[in-house]
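A.B. asks: Given next are the chains, with one letter for each unit.
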Amino acid sequence: MSSEEIPDLRTLLTTRRGGLSRGRGRGRGPSGASLHENDALVDHAVQKTDADAAGFRLSSVQLGYLEDAYAKLFATQPAVRRPPLINRGTYVRTSAIDLLVHKFLSLSPDQPKQIVSLGAGTDTRYFRLRDRYPDLQLTYHEIDFPANTTAKLAAIQKHPQLYTKLSSKRSPDPLSLAPGATSFYSSAYNLHALDLRFLATLSDDAQPHQLPHLDPSIPTLILSEMCLVYLQPSTVSTVLSAFLHKYIPAPTPLSLVLYEPILPHDAFGRMMTSNLAHRNISLPTLAAFPLLRDQRQRLRGYGFCHGSRAADTEFIWREWVSDEEKERIAGLEMLDEQEELNMLLRHYCIAWGWRDSGSEDVFSRAWEAVREQDGG
Amino acid sequence: MSIGGSDLDKAITQLRACRPIPENQVRELCYKARELLIEEGNVVGVDAPVTICGDIHGQFHDLMELFRVGGDVPETNYLFMGDFVDRGFYSLESFLLLLCLKVRYPDRITLIRGNHESRQITTVYGFYDECLRKYGSANVWRYCCEVFDYLALGALVTGAATSLSPTDGPLAENINIENFPEADADIEIETLNANGEIMYRCARNSDSQSSVTSQPNSNPASSSPIAPTPSRVGAAGTGATSSANGSTRNDTGAILCVHGGLSPLIDTIDKIRLLDRKQEVPHEGAMCDLLWSDPDEIDGWGLSPRGAGFLFGADIVKCFNHKNDLSLIARAHQLVMEGFKEMFDSTIVTVWSAPNYCYRCGNVAAILELGEDGSNAGYVRRSNGDQGGGGGGWILGSNVGVGGVGIGNGGPTGGGNGNSVGGLNRRLSSVLGESGRTREGPGRRYRVFEAAPQDSRGMPAKKPVADYFL
Numbered sequence: 223m224s225s226e227e228i229p230d231l232r233t234l235l236t237t238r239r240g241g242l243s244r245g246r247g248r249g250r251g252p253s254g255a256s257l258h259e260n261d262a263l264v265d266h267a268v269q270k271t272d273a274d275a276a277g278f279r280l281s282s283v284q285l286g287y288l289e290d291a292y293a294k295l296f297a298t299q300p301a302v303r304r305p306p307l308i309n310r311g312t313y314v315r316t317s318a319i320d321l322l323v324h325k326f327l328s329l330s331p332d333q334p335k336q337i338v339s340l341g342a343g344t345d346t347r348y349f350r351l352r353d354r355y356p357d358l359q360l361t362y363h364e365i366d367f368p369a370n371t372t373a374k375l376a377a378i379q380k381h382p383q384l385y386t387k388l389s390s391k392r393s394p395d396p397l398s399l400a401p402g403a404t405s406f407y408s409s410a411y412n413l414h415a416l417d418l419r420f421l422a423t424l425s426d427d428a429q430p431h432q433l434p435h436l437d438p439s440i441p442t443l444i445l446s447e448m449c450l451v452y453l454q455p456s457t458v459s460t461v462l463s464a465f466l467h468k469y470i471p472a473p474t475p476l477s478l479v480l481y482e483p484i485l486p487h488d489a490f491g492r493m494m495t496s497n498l499a500h501r502n503i504s505l506p507t508l509a510a511f512p513l514l515r516d517q518r519q520r521l522r523g524y525g526f527c528h529g530s531r532a533a534d535t536e537f538i539w540r541e542w543v544s545d546e547e548k549e550r551i552a553g554l555e556m557l558d559e560q561e562e563l564n565m566l567l568r569h570y571c572i573a574w575g576w577r578d579s580g581s582e583d584v585f586s587r588a589w590e591a592v593r594e595q596d597g598g
Numbered sequence: 014m015s016i017g018g019s020d021l022d023k024a025i026t027q028l029r030a031c032r033p034i035p036e037n038q039v040r041e042l043c044y045k046a047r048e049l050l051i052e053e054g055n056v057v058g059v060d061a062p063v064t065i066c067g068d069i070h071g072q073f074h075d076l077m078e079l080f081r082v083g084g085d086v087p088e089t090n091y092l093f094m095g096d097f098v099d100r101g102f103y104s105l106e107s108f109l110l111l112l113c114l115k116v117r118y119p120d121r122i123t124l125i126r127g128n129h130e131s132r133q134i135t136t137v138y139g140f141y142d143e144c145l146r147k148y149g150s151a152n153v154w155r156y157c158c159e160v161f162d163y164l165a166l167g168a169l170v171t172g173a174a175t176s177l178s179p180t181d182g183p184l185a186e187n188i189n190i191e192n193f194p195e196a197d198a199d200i201e202i203e204t205l206n207a208n209g210e211i212m213y214r215c216a217r218n219s220d221s222q223s224s225v226t227s228q229p230n231s232n233p234a235s236s237s238p239i240a241p242t243p244s245r246v247g248a249a250g251t252g253a254t255s256s257a258n259g260s261t262r263n264d265t266g267a268i269l270c271v272h273g274g275l276s277p278l279i280d281t282i283d284k285i286r287l288l289d290r291k292q293e294v295p296h297e298g299a300m301c302d303l304l305w306s307d308p309d310e311i312d313g314w315g316l317s318p319r320g321a322g323f324l325f326g327a328d329i330v331k332c333f334n335h336k337n338d339l340s341l342i343a344r345a346h347q348l349v350m351e352g353f354k355e356m357f358d359s360t361i362v363t364v365w366s367a368p369n370y371c372y373r374c375g376n377v378a379a380i381l382e383l384g385e386d387g388s389n390a391g392y393v394r395r396s397n398g399d400q401g402g403g404g405g406g407w408i409l410g411s412n413v414g415v416g417g418v419g420i421g422n423g424g425p426t427g428g429g430n431g432n433s434v435g436g437l438n439r440r441l442s443s444v445l446g447e448s449g450r451t452r453e454g455p456g457r458r459y460r461v462f463e464a465a466p467q468d469s470r471g472m473p474a475k476k477p478v479a480d481y482f483l
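Protein sequences, first through last, are from chains A and B.
All the letters of the first sequence, read from the start, carry residue numbers 223 to 598 under our numbering.
All the letters of the second sequence, read from the start, carry residue numbers 14 to 483 under our numbering.
Don't take every hint at face value.
As the list claims (entries may be wrong) - Label-pair ranges, simulated between beta-carbon atoms:
#	chain 1	residue 1	chain 2	residue 2	range
1	B	G209	A	L295	52 to 60 Å
2	A	S389	B	P318	40 to 48 Å
3	A	L295	B	G54	55 to 63 Å
4	B	R155	A	K294	29 to 37 Å
Claimed, not checked - Straight-line distance between alpha carbons at most 20 Å, and here's what the computed SDA-like set of lysine to any residue pairs gives:
#	chain 1	residue 1	chain 2	residue 2
5	A	K468	A	A428
6	A	K548	B	L324
7	B	K354	A	E561
8	A	K380	A	A369
9	B	K354	A	Q560
10	B	K147	A	R303
11	A	K548	B	G315
12	A	K270	B	D480
13	A	K548	B	S317
14	B	K147	A	V302
15	A	K325	A	R350
16	A	K270	A	A499
17	B	K354	A	D488
18	B	K354	A	N564
19	A	K548	B	A321
20	A	K548	B	P318
21	A	K380	A	D290
22	B	K284	B	H335
23	A	K270	B	A479
24	A	K548	B	G320
Hints are computed from structural coordinates only; laboratory data are not their basis.
In this text the structure is predicted, and so the values were computed from the model without any measurement.
Each residue gets a CB set at the ideal place from its N, CA and C atoms; glycine is no exception.
I would like the entire structure built from these sequences, with the hints used as guidance.
C.D. replies: Shown next as structure tokens:
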């Protein structure tokens, strides 16, 4: 728990916030260079968020909240027991996304399907899905910073439980993992080393950046679990536009599932924003889409025109999780932080929107029974 | 090595700087504290004036802010309602400082047990790990846990004034003075900010509706007005209260302080006194309930989502207060974004003293000051009956259960009612029906404060991160 691990980013943050016109006062080169350094720090802070998520995941798994044989294989640090509310929140987040994913995958199981996980980090969902749906024709894509994909591939390479799952059974690809590889492609699993913002820099008529094995014609679910939230709203819009119109154009069914914080303007939300700013993490879309209804509206605005729904994770815990499962969870750890947990859960949401094709209605059918929250 | 006299003062100085004291001093301190606490009953008697505080949770810097806002020990008489440890990063320094102050000024500070003062909970919520980290062994944790077993389960505050002597403090910004009561009115509730500026004031017999609802939000860290919750508004303007015409003071009953709340197994305070408390907090039973339960908007008793203790409704509180001659229950245990929350017609209040709880919640904290009754000429102890010139409704509070002795005699404004026990009972039930109170609550001054600045007073900085889902 030493604070030395955390570089003092606040000084830089102040500089950044203060704008370029203010003197830097620290004798550090031209403002252009400083800006780059600063961007690098911000990027580094965002890349490091995966370590938090991985640590939380491992804690939840070890205490029995989640079943995930793969979490520990990606862990870079020994498991640390996290507070019960973190474990609960991790459980709700993961199981909520699992539920939407499972409903998608279990509909018409013979139909090939595709998942694109943005900023996947050390997420284990692909490996879990391979166990759960061994016969499904699933093409899985993960996109992340090269630093994160390199680390992930290194971990995969170390464990047979992982690398044996990289190819689909139906059409096995030869494994070709070079040491230090940043990307991996197969018909089943693809790890793209790519800064998402790059997709937003391409002009409209340019050829889209190649994403091998990304199939433009099969129903596709895009997953952003705390990823797009780190980008500027305009960048998010451009990135999603590339998927909606170039990579997976209509009429292929396409959906987006978001996990993001909401309610930045109350006391808790203001403190969250300020605490994360101290870590050099800013959440631009949080300010842009503060309420559930803003989340729904943004999904429609991107072009997910056949459905746009949202619920905060407190609602999801209450309404999506069965009584039996709630009882199981309650038995895992004594929870003394009920008010705080509820507040924390109310400040995160799942938002899901989709564009179906006229004939198929894949997502409308898959998610028909998934309750969203009224109002908000 | 002994920790008496100057050694104790040295330890206090060291702990005030947020520096742990050596293990052997902790052992000695805990031994002394146990000797002291073993003499206390399960329910400690405390005389007003006293400042009642809720959860601290190892937020040492904020505890220092609390002392700055509320006054230092021993000048101010304090009652802490438990949960000194866990969650925050300085549980050890916070608890040991409070314990040192207890040993040094036993009559000026009262510590009662919270549900976190337990071996089992501290191993989950951080205090155990903190001790291990700071001392390299679990010895200090073990000494502290032995002290936990001796902490009282509750406190009973007597001698509190029914109205506050008005502070002359300046008004906080954005306060509309027009809503303030007249200068000569009895002040029932006053809310001050950390600078001692008045944010809210409410007279006992006034119709406070308008002032409560129109109170501006003057606290930047809070999303809702620092004011009693609407649930209490009805009480101030009830027929029972106004029937006294503001002319008579009532005997305020005692105030029970307990960390969590009530228990279905406990209907009188005497039953708390009979418990064997010198043990680890059990998983169930009366002792567990007192430390774990929460008030809730339900009828009767309900299951607690915490997995220990119960939920209890307004009827339970009103019945308990009536039966035990209490005017108020003060408790902690639940995070309240505004620092305090009165419920059930001001028969129970939650006081929360950990600002920006876990460095994450963005809440403000509060402490509750109860004044001394000394200046209150009309105050008569319940057992003596009401000898004052009480009119109508006022007799009730002080005579219930006294067998009608002296009921309503000679009251100049008595209007001839209430001269028989039957009349009294009818009157009582109507009062209970209207406001559920037979006792006027004490005058209550809440001081609301925010988290201490990050690098306050040369103490070690707070850890800069709180966990979020990223």
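A.B. asks: Indicate, hint by hint, whether the structure satisfies it.
C.D. replies: Hints, one by one, checked against the model:
no., hint, in the structure
1, G209/B <-> L295/A: 52 to 60 Å, "58 Å, holds"
2, S389/A <-> P318/B: 40 to 48 Å, "46 Å, holds"
3, L295/A <-> G54/B: 55 to 63 Å, "56 Å, holds"
4, R155/B <-> K294/A: 29 to 37 Å, "32 Å, holds"
5, K468/A <-> A428/A, "10 Å, holds"
6, K548/A <-> L324/B, "19 Å, holds"
7, K354/B <-> E561/A, "14 Å, holds"
8, K380/A <-> A369/A, "17 Å, holds"
9, K354/B <-> Q560/A, "17 Å, holds"
10, K147/B <-> R303/A, "18 Å, holds"
11, K548/A <-> G315/B, "18 Å, holds"
12, K270/A <-> D480/B, "13 Å, holds"
13, K548/A <-> S317/B, "14 Å, holds"
14, K147/B <-> V302/A, "18 Å, holds"
15, K325/A <-> R350/A, "15 Å, holds"
16, K270/A <-> A499/A, "14 Å, holds"
17, K354/B <-> D488/A, "18 Å, holds"
18, K354/B <-> N564/A, "18 Å, holds"
19, K548/A <-> A321/B, "16 Å, holds"
20, K548/A <-> P318/B, "11 Å, holds"
21, K380/A <-> D290/A, "18 Å, holds"
22, K284/B <-> H335/B, "16 Å, holds"
23, K270/A <-> A479/B, "15 Å, holds"
24, K548/A <-> G320/B, "12 Å, holds"
Consistency note: the structure conflicts with none of the earlier hints.
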